[in-house]
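Novice: Residue-level listing of the chains:
Number of protein chains: 2
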Amino acid sequence: MASSPSPSSPPAVAGISDNELTAIYDFAVLLTREAGQRLAEGARQRMQGTATLDSEEKDNAVDIVTKADEDVEAFVKQQISTRYPDHRFLGEESYSKGQSRDYLVDSEAPTWIVDPLDGTVNYTHLCPMYCVSIGFVVGGRPVVGVVYAPMLNQLFHACRGKGAYLNEDKLPLLHSPVPPLPANAPSGCIFSCEWGKDRRDIPDGNLARKVESFVTMATERSGKGGRGGMVHGVRSMGSAALDLAYTAAGSFDIWWEGGCWEWDVAAGIAILEEAGGIITTATPQEDGTVPDAHLGGRLYLAIRPAGPSDTETGREAQERVVREVWKRVAVLDYTRPGI
Amino acid sequence: MASSPSPSSPPAVAGISDNELTAIYDFAVLLTREAGQRLAEGARQRMQGTATLDSEEKDNAVDIVTKADEDVEAFVKQQISTRYPDHRFLGEESYSKGQSRDYLVDSEAPTWIVDPLDGTVNYTHLCPMYCVSIGFVVGGRPVVGVVYAPMLNQLFHACRGKGAYLNEDKLPLLHSPVPPLPANAPSGCIFSCEWGKDRRDIPDGNLARKVESFVTMATERSGKGGRGGMVHGVRSMGSAALDLAYTAAGSFDIWWEGGCWEWDVAAGIAILEEAGGIITTATPQEDGTVPDAHLGGRLYLAIRPAGPSDTETGREAQERVVREVWKRVAVLDYTRPGI
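One line per chain: the protein sequences are A and B, in this order.
Each residue of the first sequence is one higher than the one before, starting from 1 at the first, in UniProt numbering.
Each residue of the second sequence is one higher than the one before, starting from 1 at the first, in UniProt numbering.
Mixed in with the good hints, there may be bad ones.
Intra- or inter-copy, both count: the list cannot distinguish identical chains.
[To be verified] Straight-line distance between alpha carbons at most 20 Å, and here's what the computed SDA-like set of lysine to any residue pairs gives:
1) 197 to 187
2) 197 to 234
3) 224 to 208
4) 197 to 226
5) 67 to 179
6) 170 to 33
7) 170 to 48
8) 170 to 153
9) 224 to 201
10) 170 to 52
Just so you know, the hints here were simulated from the structure itself, not pulled from any lab data.
The model shown is predicted, which means the values in this text are computed figures rather than measured ones.
Okay, chain A solo, but in the shape it has when bound (with noise of 0.2 Å):
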C-alpha cells in the first residue's frame, strides 16, 4: 500500500488526497486500455469478415460517428458511473447528440471527459491512428490523462505530480537531458496541423485561413516576406489527442489547431502539460503574453517540453516558440456560446 504523503507536501490536487489521486490514475489506465480494446477487437472482426462498419454522418460527409463510438462511450460511461457516481460525466458522443454547444464543464465538480474513438475517420479506414482519450478535470484543468491507440500499442499516460509515461518510457522520450528548442525556431521544429472537417469554399474562411498559415510555416525563411517558418517537417495524423501525445512524447515540437473540442484534448493536455509542454491559444496575442489555453476553446498551441539552453529557460524558450507561430498564423474563427 502506498505511503500517505507527507503532511508538509499539500496534494498535488486540491481537494483529493494522493491516495484518491493514485486509484482515480490506475484506473483511468485500467479503463483507457480496456476501452481501446474493445476498438480493437472491432477492427479486428472486420478484418477477419465477421463484422462490418456501421457509420453515419453527423455534420457533414466527413463528419462521422461509429457504432464503435457509441459502444465504448456506454461502456466507459457505465464504468465511470459505478466507480465513481458523484463525478460529473462528459462524451462525445452523448453529447453530440444534444442541441447545445454550450461549455458543460463545472468548474467546481471533478469532471471525466471522454472521447471515446478520436480519429474516427481512421478508424474506419483501419488506419492505426486511432486512440481512446479519457482525461480527468479537477477545477476546469486536466490532471488525469490516458490516450491509447491499440493499432499502435502506444498508451500515453500522466497524472499531475507523477510523471508522463508513453507505455513504460518517460515523456519527453529524449529527458536526458530535456533538449532545448531550436535558437531558430520554427525551423528546425516538426509542426503538426490537421485540415479538419471545414472544407467549405468560403474566402477567408478557416480552410484558407489554415492552409495559408501552413504554407507560411513550411516555406523558406526569405519566402513570404521574410515571414517563412522552414519548419523541419509538416504533418498531419487525423487524432487531435495523439497530436498532443506525440507533443509531450517531443516527437511533435509544435501543435497549432483550432475547431475541435474539449473530449479531444482533456486528456492530451494533461500529458502534455505534467511532460512539460504547455499549450495556448491558436490566436496570435497582439500584447505577447502567453495565457493558458481554455479547455473548452477550440482554439489550440502546444509547444514541447523544452530545457534550458544557455541563454534562456525552457519557459522562455517555449514562450518565444509561440510568439514565433503566432507571427506566421492567421486568426481562425471557431465560436461557442459563453466563451
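Since the structure of chain A is already known, use the hints to place chain B on it.
Specialist: This is chain B only, laid out in the frame that chain A set:
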C-alpha cells in the same frame, strides 16, 4: 524444405526459381528487421542519454543525413554483398554522395534498392514514423519489398506471388472481401500527401502546386469551381515508404507525391502491387490512359487494393480514381537525366 513448384507453373519472376525467390524474401525480411533494430537501438541510446544525434545537412536545412543512415546502409550493403555477390546494390546514402542524379537501375541485373532510414526528420525527433525500406528489383520491377518501422512494431513485407503482409496480417487489412472504392471518390478516401523538401517561395513552384492540389482535394465538392474532392481526410506522415505500405494496407486510399527517389518507393511498390494496389504517375495524362509508374520517375500516384462493385472491376475503379485525382492536381516539376 519447400517443395519445388510444379513444372506447369512458370516462376513468378523471370530467371529466378521459386526456391531462390523464397530464400531472397526470407533473407530480406531478416535483414530489414535487423537493420530496423539497429535504428531502434540508436533511438533507445538517445533516450537513455548514452548517445547523441550526429546529423548534417544535404541540400538544405530539412534535407539531412544522420550517422544512423550511413551506419545502417553500410551494414545492409555488407550483408547483401556477402550473401549475393552477383547482385547490384543501390542505397540512398552511397548514391547521394555521388554527383550524378542519373537513374542507375540496370533493367537486366537483379538489384537491391535500399533506404536505410526513410523519414530521417522523424527519426531525429524520435517521431515514430521512420523505417528501413529494402526492395529487390528484377527487370526494373520491384518483386520483393520489406518496410519496417521499429518504433511502431510494423513490419510490412511482400514477395511476388506470395502475398503481402503487415506482421502476420494479410494485406489489404480488409480482405474478406476487399472493399470497393467509393462511387464518389475521391470523397470517402483518405488522401496521403507530403510537403517535401522543396520549400522555395516561387510563383507556380512545386510547393505552390502541391498545396493548390492538396486544397482542391480537400475542399467541398461544390467548391474550387466544382473540382473540390471533399476527401475523407488528408494525412502526412513524413515517410514515402510508409505511405505506400499504408496504401497497400488500405489505411490510405490515395497517395500522390512528387520528388522522392527509387529507394523511397521500391519496397513499397512491391508491397502495394502484391496487395492488389496500383501505382502510376502523379502527372495527369491527357488521353486518360493509366501507365505503370516508372520506378525512377519521381512522380507517383498510388491507389489502394479494391474489390469489384456491381458495375466495375477493382482495376476499373482504381483507374477511375486515378482520373478523378488527375482532374484535381497540378503538374509537378521534378526532372532527372534520362527519364
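Novice: Hint by hint, note whether the structure agrees.
Specialist: Hints and how they fare:
For the homomeric pair residue 197 and residue 187, the shortest alpha-carbon distance between copies (13 Å) is at most 20 Å, but the shortest distance inside one copy (28 Å) is not. Taking the closest pair of Cα atoms, residue 197 and residue 234 come within 20 Å of each other both inside a single copy (19 Å) and across two copies (10 Å). In this homomeric assembly, residue 224 and residue 208 come within 20 Å of each other (Cα to Cα) both inside a single copy, at 16 Å, and across copies, at 12 Å. With identical chains, the CA atoms of residue 197 and residue 226 are at most 20 Å apart between copies only, with a shortest distance of 18 Å across copies and 30 Å within one.
Within a single copy, residue 67 and residue 179 get their C-alpha atoms only as close as 42 Å, which misses the 20 Å cut-off; across copies the closest is 19 Å, which meets it. Taking the shortest alpha-carbon separations for residue 170 and residue 33, only the intra-copy value of 18 Å comes in at or below 20 Å, while the best inter-copy value is 25 Å. For the homomeric pair residue 170 and residue 48, the shortest alpha-carbon distance between copies (10 Å) is at most 20 Å, but the shortest distance inside one copy (36 Å) is not. In this assembly of identical chains, the alpha carbons of residue 170 and residue 153 lie at most 20 Å apart whether taken from the same copy (16 Å) or from different copies (19 Å).
Proximity of residue 224 and residue 201 under a CA criterion of 20 Å is satisfied inter-copy only: 7 Å between copies versus 23 Å inside one chain copy. Only between protomers do residue 170 and residue 52 lie at most 20 Å apart by alpha-carbon distance; the minimum there is 18 Å, versus 38 Å within a single protomer.
Going through the hint list in order, the structure satisfies each hint without exception.
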